Amino acid sequence: MPVELVKLPDVGEGVAEAEIVEWHVALGETVREDQILAAVMTDKATVEIPSPRAGVVVELGAELGTRLAVGSPLVGISFGEDAQGAGQIAQHDAPTRTDEAPVDPKIRPPIEVDRHRAPRSDNERRGEGRLAPVRPIASPGIRARAREAGVDLRLVTGSGPAGRITPDDLIDHVRGRSKASVSASIAQDNDAIEPIKIIGLRRRIAERMAEATRRVAHFSYVEEIDVTALEDLRQQLNARFAGSRPKLTILPFVVAALVRAVRNFPQVNGTYDDDNEVVMRHSAVHVGVATQTAPGLMVPVLFHAEARDLWGCAGEIKRLATAARDGTALPKELSGSTITITSLGDLGGIATTPVVNRPEVAIIGVNRMMIRPVWQDGRFVPRRMMNLSSSFDHRIIDGYEAAQFIRRIKELLEAPALLLVGS
Amino acid sequence: MPSLTMIEAVRDAMDVMMARDDRVVAFGQDVGRFGGVFRCTDGLQRKYGASRCFDTPISESGIVGIAVGMGAYGLRPVAEIQFADYMYPAYDQIVSEAARLRFRSAGEFSAPIVVRMPCGGGIFGAQTHSQSPEALFTHVAGLKTVIPSNPHDAKGLLIAAIEDDDPVVFLEPKRIYNGPFDGYHDRPVVPWSKNTLSETPEGYYTVPIGEAIVRKEGTEVSVLAYGTMVHVAEAACRSVGIDAEIIDLRSLVPLDLDTIVRSVTKTGRCLIVHEATRTSGFGAELSALVQERCFYHLETPIVRVTGWDTPYPHAQEWDYFPGPGRVGRALMRLMEA
Amino acid sequence: MNALPLGLHVPEAQPCLRSFDLSEAGRVRRPAVDIEASEIRDLAYELIRVIDAEGRAVGPWSGACTPDQLRAGLRAMLKTRAYDARMTMMQRQRKTSFYMQCTGEEAIACGFQLALRSGDMNFPTYRQQGLLIAQDWPVVDMMCQVLSNEKDRMKGRQLPVFYSAREAGFFSISGNLATQYVQAVGWSMASALRGEGRVAAAWIGEGATAENDFHAALVFASVYRPPVILNVVNNQWAISTAQSLAGGESATFAARALGYGIPALRVDGNDYLAVHAAACWAVERARRNLGPTLIEWVTYRAAPHSTSDDPSKYRKQEEQATWPLGDPIERLKHHLVGLDAWSEERHVQLKAELDEEIAVAAKEAQSYGTLVEGPKCSPASMFDDVYQQMPAHLREQRQELGF
Amino acid sequence: MQERSAEVVIIGGGPGGYVAAIRAGQLGLKPILIERNALGGTCLNVGCIPSKALIHAADAFHAANCQREAAPFGLSVKGIELDFARTVAWKDSIVARLTGGVAGLLKKGGVSIMSGTAEILDGKTVKVETVDTIERVRARHLVLATGSLPQALPTLPFGGNVISSTELLSLRERPKRLVVVGGGYIGLELGIAFAKLGSEVTVVEADERVLPRWDAALTRPVAKRLEDLKVGVVTSAVARGLTRGGEGLLIEQRGYQLREIPADKILVAVGREPRTKGFGLERLDLAMEGKFVKIDKRCETSMSNVWAIGDVTGEPMLAHRAMAQGAMVAEIIAGQRRVFDAVAIPSVCFTDPEVISVGYTPEQAKAEGLEIKVATFPFAANGRALTQMNEDGFVRIVARADDHLVLGGQAVGAGVSELTSSLALAIEMGAVLEDVAGTIGAHPTRSEALHEAAFGALGRGLHI
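Protein chains in written order, with numbering that gives the first Met the number 0: chain A, 0 to 422; chain B, 0 to 336; chain C, 0 to 402; chain D, 0 to 463.
The set of hints was computed from the structure by calculation and includes no laboratory data.
It should be emphasised that the depicted structure is a prediction, and the values quoted were computed from it without experimental measurement.
Be careful, since some hints might not be right.
[Said to hold, decoys possible] With a straight-line cut-off of 27 angstroms between C-alpha atoms, the simulated DSS-like cross-links for lysine-lysine are: (1) D/K126 / D/K293; (2) D/K290 / D/K276; (3) B/K265 / D/K126; (4) C/K375 / D/K276; (5) C/K375 / D/K29; (6) B/K265 / D/K293; (7) D/K90 / D/K175; (8) C/K375 / D/K175; (9) C/K150 / D/K126; (10) D/K126 / D/K29.
Work out the full structure, taking the sequences as your base and the hints as a guide.
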């Protein structure tokens, strides 16, 4: 009975491997052609893999969270009549490292809940007879040691095959718990620990951030901007063009200032390939707009900001943010920025130390706007102030250059009319 | 099957037993010739003679004292304390003597007596005709304490109590003597004849001591109640539309804990209702037992609706009496948590 | 405005022994058993005595006992006193926690018991052990109760001396004062009701007559007239409270009965012959369905209230010497010797015999263990007899205890 | 009556009792062990050990007789005869050595042994009547290890020629005609042994097949061997009682009328029941589980500090379960945190061929709704089995379908009892099929069949 092994397709330029983040089919399920089989995530994007043919799923390539090399078998589909009992493609056929692909404990039978309500809090699990406790898989030695240490093995995540709890798992759990025990006295009864595997986007962010802090020589520079005039202008424009043009937030103005300032300081609009020790200076200004989404932080790119006016930027920024949030952003819209702006809106805080979006060399953080007393003409007057907290890669940008660059932006923002004139 | 009031059921029980067993005697203030202030022994003296059903001097310790002596002799005395509120002079004879006699004589002597006392409020009896002193008896090892909520159980339980070899305190909620009272005091009284639970088989039968009964099946909350409160709880559940499981305990000691645990394990919520004052009331004991046995099944803390910790008032009867309103609100609170 | 300032009369702490109206033996008449109570009201203030100063039995109340019965009575009193002495010593040796003697009052219990029949029932206080000893109830059994050892029929549950012996017509003793008094009335009502001819004897100390159960008993006895003898043992002291605190100054305890229309006798409790005669009178009256009789037995508590009491704190040492009614054993011995039915030698020899008998019994009783060491009843037995059938919650608690 | 007291008092000196005593002694608890008969209990004296010895002798005798007929590898044997009395003496010597060994271990462990009958007075007091004294022993911990005894049939009470396994094992000569009532593991082990020793054996079983508690596939080779040994097997039949003269057994088989089977001895082996009578246990009013004493995961009964281990607590009634419980209880009493949480307890049937089972059978797994993979490997494809001229049977492995966790294993075949340790270790350690398959089994051995079975379960069978 013929079985076709659907290989992991090439999901993006130069992507070597992808991580399975979601199965859309189950073993033994009959699928139509083009029906979505699974979703895989690369550095760039989450890509859905359609089925090349109709048939019955007889093999699943790997567990959730496993990284498959492009070209390795993803799904086995049999397209004869009696597609009998499905099995899992034997682990050690796949080229990926076996210990890398742990068996996901969730696949075991669901915990039978003997009450008609959703499983309850931790103390419910402790009650005898409340739930048929999923029996932890552990050797007698581990069970004995756990009992000595007063550890309930049901709370320990087993990293061994079939979720078996290895000696290391126990040690990690106990060490983890001993750190927590310092504050344990406060949360005495709330010692529920829920292990969540780091997979998908979360893992992507973790790796990028770690890489950035390891390689980039960060320094941050915080400057105060008097945006009273800017805010008035923004509100006038919005009032004037309400309905006909996109609503302007502060970001388009910052982008506009950025585009102009970069002309004087091109090194800031660059990317640094530190492997080959080459700085790429870009004439185009592709601005990464850091956007918070449910799965995590994403940075869609406003391409050629230099060629867009305020309203162009505003519209594109809005579109990109929405696409990122509902997961429809295309891979190419999520990479290629030359400089990034990050803003937490009214959560912006007084000052932040943003992490440079490698391989870029600069990132501009927009802090909260607030009324502050400012000494002008011999007395304190209320002015609407906003800080810019920017971080630079000191390997490429020196403090002095960075300060000049930020002061240029300050001048532009404090005289917003300049932004409208094509100076 | 005849429909009796609770009074007729109690009288019928004594009648049946006095006929079956010539050791059974009934006495107390106004019990003989007059037939009891609530008419519970009406006609017994005429039928069985003055030496088997007779009046006594107004001396509660005397009434229970002679009962203990008669019990030790081998009789089966049914002593009546006219109102539970007057039981205190007899408390020493009940607790130090009747309850302890078998234990202290290692079985040589025992006091197979029944002490009947009308209890509970709802009749503007104020503090001397409305008390519910069950907790003072449930705390005593050696005593059994039972309290029926309807004529059928009243007759069966009283016969069982008379046959029981241990001393039994038999509490009769006076407000439901003539009809089930659900706490809506402004509505016309419903006679027992209109309630199926008044159907009482003729002749001898028993309701076993130590067995509760699920008055109404339910899934959302378990309501533990006894006496008049069973009817109040039913009315409250209907009014707030909560599918409660109502358990009529009937017997406080020995207590049918299995039925309670089964129910609370199912519903995960527990409401306890009794007329007696709250502090150290029997509800506290029920609450302790439920949390000991069903802690991991409880969704919310156990709630008690009881009389306030004040002497029983007169004019403020219906502010004191735990009515369907208070019980209903407690049910709602339970369901929201 | 009343002239005299009001004041509270607080009775004398001491019993006024001196002003005792000591009528001589044989003076008080013996009415017919079926006499109307109203006709013998005066007897409540008299003092029936038979043995006179020279040891002779005089008066209408004499002649009720044969020499053999008297010798048996003497033996019973001596044995009771020997038993008390031995058990008090055992308490001092820490073999048990507590003991109560009835020194000086032996004649009342021993004499009274002789008037009863098997099937009758005494409702005693903790100072009528003579009722058991007078029936030759095995002292080993009594001792095991006092020692709370493995052979204690009460399984180690009761305070020492709180005996129970249904077979011997000895109702289980309760520590609560006077509760048994009204129970005796109830028991006798049951006997009357069933027509089985049994008689009850209620016992109370003069101090406890202040309890309401005493009055409840008298009310019910006067209303239903059951076959019960209401004994009041007036031994002058309730621990440190003299009988005056129980109202003894204003009226005799026998006189209490008059208010309820119950016939009453007042008898010299240390005069074995008078005790036995009065007891027979009252028992016969009850047996003939003529109703209750109250008897005040006047005596003196020669020993401390109990092993945890030291009378020197509330009464003078020499007070006992001033007690006018003498010692019951000496007076009966003196009478018997007078009749040549007894002698000093036989008395000394009998005492030695009894001391030996008590010593042997004590050894045997201790072999079954004492309160402090040796086998006791298993803790498991603690859960028996609370109810006829052990309920579930008790079964669970026993499992938790682990025996 | 003298009194003594001890931290731990153990009633019953069988495998559970003596192990608990030794372990308690090692932990310095100075236990008292009360045993009415011989140390070692049923297992050592009238059960596991003597029956295995007899089975060994029977096999040897049978093997020799086979050479006389077939001589497949050229061995010819003449003049075979068996001095059965010497066989019994040899068996008794082994029992004696082992009971002596136990006594030595107990002494070394500082255990004071009271040989006498125990009578429980309450949860912490036992009256012990030895040959010369009556003592009252007080305990802070009481351990019940009274074991089990053969179940009698109401229609066939023990006595005369109706015997239990105890009497059968102490017979001085072989019965000419032996009828075995009960086709369970005891009935068949002894029935086959005596068949090989020359007795004419008939087995009467109420169920449709022998070894009804084991699944059909496992018992088929045993049924075949019974035929080879000319053992009569009467299934769906119930013993109704002795014939009038007492020299035969009346049986009633479904579909046939009452008929008689001639018998010199009738072995009643219909099961064992817990020993809970005759030593005052009822005084404790313990919570029971049917006929057995109810215990929790720490072997504590419903009464505080009263423990129960071994057969008296229920199935499976196996010596090694009792021993494990005994050691655990001693450690708990010594204050250690212990719980009886063995994943699987192996059981063995020493018939010919032997049958074993550890953990889940396929049926049990399916009954719990588990999705499983099952694979068997026949001994006919096992080199060693061929060289031993005994290819009957197979090894079977049962694992979860999704994560391949090994749930259980069964086997039938010569010498498979030794396979229980590797199977039990795999299950206890939480092995997956890949672990068992990934472990190299020595070749040529019978045990490598287990690894082959694992490969089979993974769809990658090699030698099949």
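Notebook entry, point to check: Hint by hint, which ones does the structure fall short of?
Noted result: The structure conflicts with hints 3 and 8, although it agrees with all the remaining ones.
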